[in-house]
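Visitor: Each residue of the sequence shown is one higher than the one before, starting from 27 at the first, in the numbering used here.
If you're looking for bench data, these hints aren't it; they were derived computationally from the structure. Quick reminder that beta carbons are idealized off the backbone N, C-alpha and C, glycines included. There could be a bad hint or two in this list.
What the hints assert, rightly or not - Have a look at the derived ranges for each label pair, beta carbon to beta carbon:
#1 P134 - L71: 43 to 51 Å
#2 P111 - I68: 29 to 37 Å
#3 P134 - I70: 46 to 54 Å
#4 V163 - A40: 47 to 55 Å
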Amino acid sequence: MSTMPTPGAVPPPALRPPADGECQFCGSHPAAHVSFQSMTSIVILYVVSAQRGWMCRNCGLSLYRHHANKTMLAAWWGVGIIGIPIFLGIDRLRLRRILRLAPPQPTPGVAASLPAPLDPGKPLIQRPGAILSIVLVTVLVLVIGCGALAFGASE
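Start from the sequences, fold in the hints, and give me the full structure.
Guide: This is the structure in structure tokens:
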């Protein structure tokens, strides 16, 4: 048994981690360097989590939707309610860089943590966080509106 390579055989290329311009999750290109944040709030405490790095169109859209949904589910229960529109607005502006990218193409020779780009999943409006937000804002508007009517009728 010989350990010598056969003459004329080409060794397989060495795999490398994703570089700048390649998605840190799936290794595809093109990719943009972006950051998405989410907030969890309970009474007077809040926690901000962020994910930064090079992302292709699909992975970036998936992470944007994940973080926006998490904010809309978990920021209502404390002081974080003030930050909901700010976090969602800033992340939506950051998403523009991702949406301008061409569809992801695999990069040969890259060893990424995922074999393919993430599935973006359901649109944001169809996720539980958006539904909860719509219900809570509707209830809030109704309570304020009924309170204003009751106050006006008592005068």
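Visitor: Do the beta carbons of P134 and L71 sit within 43 to 51 Å of each other?
Guide: holds, 47 Å
Visitor: Do the beta carbons of P111 and I68 sit within 29 to 37 Å of each other?
Guide: violated, 19 Å
Visitor: So does P134 sit 46 to 54 Å from I70, Cβ to Cβ?
Guide: holds, 51 Å
Visitor: Measuring from beta carbon to beta carbon, are V163 and A40 in 47 to 55 Å?
Guide: holds, 53 Å
The earlier numbered hint that this structure contradicts is number 2, and it is the only one.
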